[in-house]
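Peer 1: So the sequences go chain by chain: V and X. Number 419 in the numbering used here belongs to position 415 of the first sequence; there are no gaps in the numbering. Number 326 in the numbering used here belongs to position 322 of the second sequence; there are no gaps in the numbering.
Treat each hint with caution, since some may be false.
Pairs count within a copy or across copies, as identical chains cannot be separated in the list.
[Unchecked claim] Capping the alpha-carbon separation at 25 Å, the derived lysine to any residue pairs in SDA-like fashion look like this: (1) LYS190 - PRO31; (2) LYS165 - ASP60; (3) LYS180 - LEU322; (4) LYS197 - ARG144; (5) LYS190 - ASN308; (6) LYS146 - ALA262; (7) LYS165 - ARG318; (8) LYS180 - ASP292; (9) LYS197 - PRO148.
FYI, nobody ran anything at the bench for these hints, they're computed from the structure. Everything numeric in this text was worked out from a predicted model, so none of it was measured.
So you can see what is in the structure, the chains are spelled out below.
There are 2 protein chains.
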Amino acid sequence: MTRQIKLGAFLPGGGQHIAAWRHPGSPADGATSFAFHTELARTAERGLFDAYFLADNLSVGLGGREGGNAKIAGFEPVTLFAALAPLTTHLGFIATASTTYEEPYTLARKFASLDHLSNGRAGWNVVTSAGDETARNFNRNKQPDHADRYARAREHVDTVKALWDSWEDDAFIRDKQTGRFYDPAKVHDIDHKGAHFAVKGPLNVPRPVQGHPVVVQAGQSEDGRRLAALSAEVIFTAHQNLASAQEFYRDIKARVIAEGRVPEHVLIMPGVAPFVGRTEAEARAKYDKLTELILPEDGVALLNGLAGGTLDIRGYPLDGPLPKSAETEGMKSRQALIRQIADEHNFTIRELYQWIATARGHYTIVGSATQVADQLEEWFHNEAADGFNILPPWLPGALNDFVDLVVPELQRRGLFRTAYEGRTLRENLGLPRPVNPWTVSRSSLQAAE
Amino acid sequence: MTRQIKLGAFLPGGGQHIAAWRHPGSPADGATSFAFHTELARTAERGLFDAYFLADNLSVGLGGREGGNAKIAGFEPVTLFAALAPLTTHLGFIATASTTYEEPYTLARKFASLDHLSNGRAGWNVVTSAGDETARNFNRNKQPDHADRYARAREHVDTVKALWDSWEDDAFIRDKQTGRFYDPAKVHDIDHKGAHFAVKGPLNVPRPVQGHPVVVQAGQSEDGRRLAALSAEVIFTAHQNLASAQEFYRDIKARVIAEGRVPEHVLIMPGVAPFVGRTEAEARAKYDKLTELILPEDGVALLNGLAGGTLDIRGYPLDGPLPKSAETEGMKSRQALIRQIADEHNFTIRELYQWIATARGHYTIVGSATQVADQLEEWFHNEAADGFNILPPWLPGALNDFVDLVVPELQRRGLFRTAYEGRTLRENLGLPRPVNPWTVSRSSLQAAE
Numbered sequence: 005m006t007r008q009i010k011l012g013a014f015l016p017g018g019g020q021h022i023a024a025w026r027h028p029g030s031p032a033d034g035a036t037s038f039a040f041h042t043e044l045a046r047t048a049e050r051g052l053f054d055a056y057f058l059a060d061n062l063s064v065g066l067g068g069r070e071g072g073n074a075k076i077a078g079f080e081p082v083t084l085f086a087a088l089a090p091l092t093t094h095l096g097f098i099a100t101a102s103t104t105y106e107e108p109y110t111l112a113r114k115f116a117s118l119d120h121l122s123n124g125r126a127g128w129n130v131v132t133s134a135g136d137e138t139a140r141n142f143n144r145n146k147q148p149d150h151a152d153r154y155a156r157a158r159e160h161v162d163t164v165k166a167l168w169d170s171w172e173d174d175a176f177i178r179d180k181q182t183g184r185f186y187d188p189a190k191v192h193d194i195d196h197k198g199a200h201f202a203v204k205g206p207l208n209v210p211r212p213v214q215g216h217p218v219v220v221q222a223g224q225s226e227d228g229r230r231l232a233a234l235s236a237e238v239i240f241t242a243h244q245n246l247a248s249a250q251e252f253y254r255d256i257k258a259r260v261i262a263e264g265r266v267p268e269h270v271l272i273m274p275g276v277a278p279f280v281g282r283t284e285a286e287a288r289a290k291y292d293k294l295t296e297l298i299l300p301e302d303g304v305a306l307l308n309g310l311a312g313g314t315l316d317i318r319g320y321p322l323d324g325p326l327p328k329s330a331e332t333e334g335m336k337s338r339q340a341l342i343r344q345i346a347d348e349h350n351f352t353i354r355e356l357y358q359w360i361a362t363a364r365g366h367y368t369i370v371g372s373a374t375q376v377a378d379q380l381e382e383w384f385h386n387e388a389a390d391g392f393n394i395l396p397p398w399l400p401g402a403l404n405d406f407v408d409l410v411v412p413e414l415q416r417r418g419l420f421r422t423a424y425e426g427r428t429l430r431e432n433l434g435l436p437r438p439v440n441p442w443t444v445s446r447s448s449l450q451a452a453e
Numbered sequence: 005m006t007r008q009i010k011l012g013a014f015l016p017g018g019g020q021h022i023a024a025w026r027h028p029g030s031p032a033d034g035a036t037s038f039a040f041h042t043e044l045a046r047t048a049e050r051g052l053f054d055a056y057f058l059a060d061n062l063s064v065g066l067g068g069r070e071g072g073n074a075k076i077a078g079f080e081p082v083t084l085f086a087a088l089a090p091l092t093t094h095l096g097f098i099a100t101a102s103t104t105y106e107e108p109y110t111l112a113r114k115f116a117s118l119d120h121l122s123n124g125r126a127g128w129n130v131v132t133s134a135g136d137e138t139a140r141n142f143n144r145n146k147q148p149d150h151a152d153r154y155a156r157a158r159e160h161v162d163t164v165k166a167l168w169d170s171w172e173d174d175a176f177i178r179d180k181q182t183g184r185f186y187d188p189a190k191v192h193d194i195d196h197k198g199a200h201f202a203v204k205g206p207l208n209v210p211r212p213v214q215g216h217p218v219v220v221q222a223g224q225s226e227d228g229r230r231l232a233a234l235s236a237e238v239i240f241t242a243h244q245n246l247a248s249a250q251e252f253y254r255d256i257k258a259r260v261i262a263e264g265r266v267p268e269h270v271l272i273m274p275g276v277a278p279f280v281g282r283t284e285a286e287a288r289a290k291y292d293k294l295t296e297l298i299l300p301e302d303g304v305a306l307l308n309g310l311a312g313g314t315l316d317i318r319g320y321p322l323d324g325p326l327p328k329s330a331e332t333e334g335m336k337s338r339q340a341l342i343r344q345i346a347d348e349h350n351f352t353i354r355e356l357y358q359w360i361a362t363a364r365g366h367y368t369i370v371g372s373a374t375q376v377a378d379q380l381e382e383w384f385h386n387e388a389a390d391g392f393n394i395l396p397p398w399l400p401g402a403l404n405d406f407v408d409l410v411v412p413e414l415q416r417r418g419l420f421r422t423a424y425e426g427r428t429l430r431e432n433l434g435l436p437r438p439v440n441p442w443t444v445s446r447s448s449l450q451a452a453e
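So here's chain V without its partners, still in its complex pose (with noise of 0.2 Å):
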């Protein structure tokens, strides 16, 4: 079959632009409104996206009190796609959860139980959690650092996989004649006693429809890759060029084949806000309309908390460039990218934080459906994209316009599915299935037999 380009939507209800609730056709309360997350829900399905797609914190974030900011509280991923399950019947649901905050008992127990609830549709993003700000909600005073986060991480993945598997496919039986409801040989100890956790199991949740819910990374730091090339199945980035898009893709591509693994298997997804019009003119003034809308004190706020507290330039003048700082052990790929940007347009405070607040350091694109097609085909056929998370920097504006305009443009081009290809997230992102490394073992001893 011809490769086509997956699409991710990355949907939070207040909208991706910093001023996005202020826009004239956003529901200031998107952010906690179920039936809006519905709506966007259903658009997303109607533009055959593979997945929707939420980020999380596990604090009120992006620089604290000042402001004005429709992401400082909303829905908790999982909650939210669950309740989203029911009314949708193709999308993919990826939900971030932190691998440093959450046990992995209760993480594999409610994205298994998502997934089965969605007949096969969810997937989890793994994420370190970075910042003080978060680590003060959870009995700490600062947050573990990087390297630690991150080997954290690699045991937690690892054991949540474990329990996923601890329940072989056909373990249940369900006999009513004999009263065997499963078959004890098919239910597994994970006995996991690592550096961090010690999890006995088995998971008191089938095993997933999908065998495994894909899972998802976006880290871009050294770690970040590392964790990634060994676990990730799809991979969320943030690019401000071709360029910078290829060398990442062929990096991870090179590290996963290094791992032994298939790099087909693994799929390389950068983030994109697109502004589309009719023209490039009326796009263009999408694009004006929104940044005006920006107060200051809300663009400096987001610089702040984009880098984990760590860039903090209040007090600079905004038509002054951004001051020098050290780096610190939050979340490096992003303070590296805010200070790239700021390098290579030479711009002050203010224009920084105006290109920023478009997309958050992801790649924005202003023009007609045919000029966004062209670039996405460009990274596509160029090794820097096998797909692409689509961010609507105003909702449902943005989405609608993505949806009804650049979608049938794909589709034409032949470049994008017109009709969904499988029933789970899996089969749309034409991932295999994990095999369950117990049910091999036994296959392998009674072929040996």
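Use these hints to put chain X onto chain V, whose structure you have.
Peer 2: Showing chain X alone in chain V's frame:
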């Protein structure tokens, strides 16, 4: 308004009776069927139940690997209830969650999310999660002892409530014109630092629709009663006869008054397992039919599991008495209850598990709708109950019987609603919406000026 009976529906998809899944009318895969849980929720709502209630374990539980047990694997309750919320309009959802193995921030957040998603229909059944089997899924060899679990539970509940109150009800301004999204004066750190938790806050979810999801408790030990008197608004409890239920009811109401709380705002709801027929003989036949379906090894595993793994009676003759065993740090109230039933009826092991299998220690009523209503009315009018948690022994049959036969009888007697009184669980239960202490202190200050 006349005092009326409140009703919870305890509906594990696999059924309450240990052999429920073998019933010819029950789906053998009900425990993991979302479609079946949806049917149950809709039936409970048709019956005007206040809430759908789910217990929970953080391990496969109930005696390990032997035998057939539909409760061994299912959905995580909050995830399941979130999915049921958009498919229902009035039914409340009381989910069990652990103060021993979950963090206050995470727990506060998922229940606040469920409360928003369901428009105010969430309840939290507070449990301390007994058993070493569970401890071993969470980095421990043994469970914390009983007193420690309860001390942690008290601090946990207080912390969760403080997080729910960290945003005042009117904190969100969402003024598109000025760009003010919220009022910084109306969001508060909680700055909790206690023996078990340190949580700064605020929560990243707005204050729940109900102020607080309804807080439910079920412990019957001394520690459990103290916790319930301090913080519970609904108390589930297990009693085999009127005198025992009365003792509990009077004791709790006295403790509630001693805490300075209003006794009418703490609803005591004993569990009842009804076998209902058009005649008593028909009801009796339903009881016998289920009892015949119990496999002996399942009955033994059930007794052991109910006592938290502390009543190991494997190897003892089934037609002999229950052996004596030392009281342990397990679920004290359950062990005592099992012993009490055995002594009271002079039961053999087989007779004991047949009795317990029906409702796992709850009160069983076998009779016509009139007889069942008579029993409920007697308890309701004699300081034994403010309502009942109905545990249909098999599903959907015993739930349908209750809704179709007993509910109309209770309505005829004026003992039960004929339509939901309100929109939220709290409104239907007749419980006040908790005031926010931050809002109260602001009002007092303003009044004093």
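Peer 1: For the identical chains here, do LYS180 and ASP292 meet the 25 Å Cα criterion within one copy, between copies, both, or neither?
Peer 2: between (66 Å within a copy, 17 Å between copies)
Peer 1: Evaluate LYS190 and ASN308 at a C-alpha cut-off of 25 Å and name the case that applies: within, between, both or neither.
Peer 2: For LYS190 and ASN308, only the inter-copy Cα distance (23 Å) is at most 25 Å; the intra-copy one is 51 Å.
Peer 1: Is the C-alpha distance from LYS197 to ARG144 at most 25 Å within one copy, between copies, in both cases, or in neither?
Peer 2: Intra 24 Å, inter 11 Å, cutoff 25 Å: intra and inter.
Peer 1: Is it within a copy, between copies, both, or neither that the alpha carbon of LYS165 lies no farther than 25 Å from that of ARG318?
Peer 2: Neither. Shortest intra-copy (43 Å) and inter-copy (34 Å) distances fail the 25 Å Cα cut-off.
Peer 1: Give the relationship of LYS190 and PRO31 under a CA distance limit of 25 Å: within one copy only, between copies only, both, or neither.
Peer 2: between (50 Å within a copy, 22 Å between copies)
Peer 1: Can you tell me if LYS197 and PRO148 fall within 25 Å by alpha carbon in one copy, between copies, both or neither?
Peer 2: This pair counts as both: shortest intra-copy Cα distance 21 Å, inter-copy 19 Å.
Peer 1: Indicate which option fits the pair LYS180, LEU322 if close means a Cα-Cα distance not exceeding 25 Å: within, between, both or neither.
Peer 2: between (72 Å within a copy, 23 Å between copies)
Peer 1: State whether the alpha carbon distance between LYS165 and ASP60 is at most 25 Å within one copy, between copies, both, or neither.
Peer 2: Classified as both: same-chain Cα gap 21 Å, cross-chain 22 Å, threshold 25 Å.
Peer 1: Tell me, please, which holds for LYS146 and ALA262 at an alpha-carbon limit of 25 Å: within, between, both or neither?
Peer 2: Neither: 35 Å inside a chain and 41 Å across chains, both beyond 25 Å.
Of the hints listed earlier, those the structure fails to meet are numbers 6, 7, in rising order.
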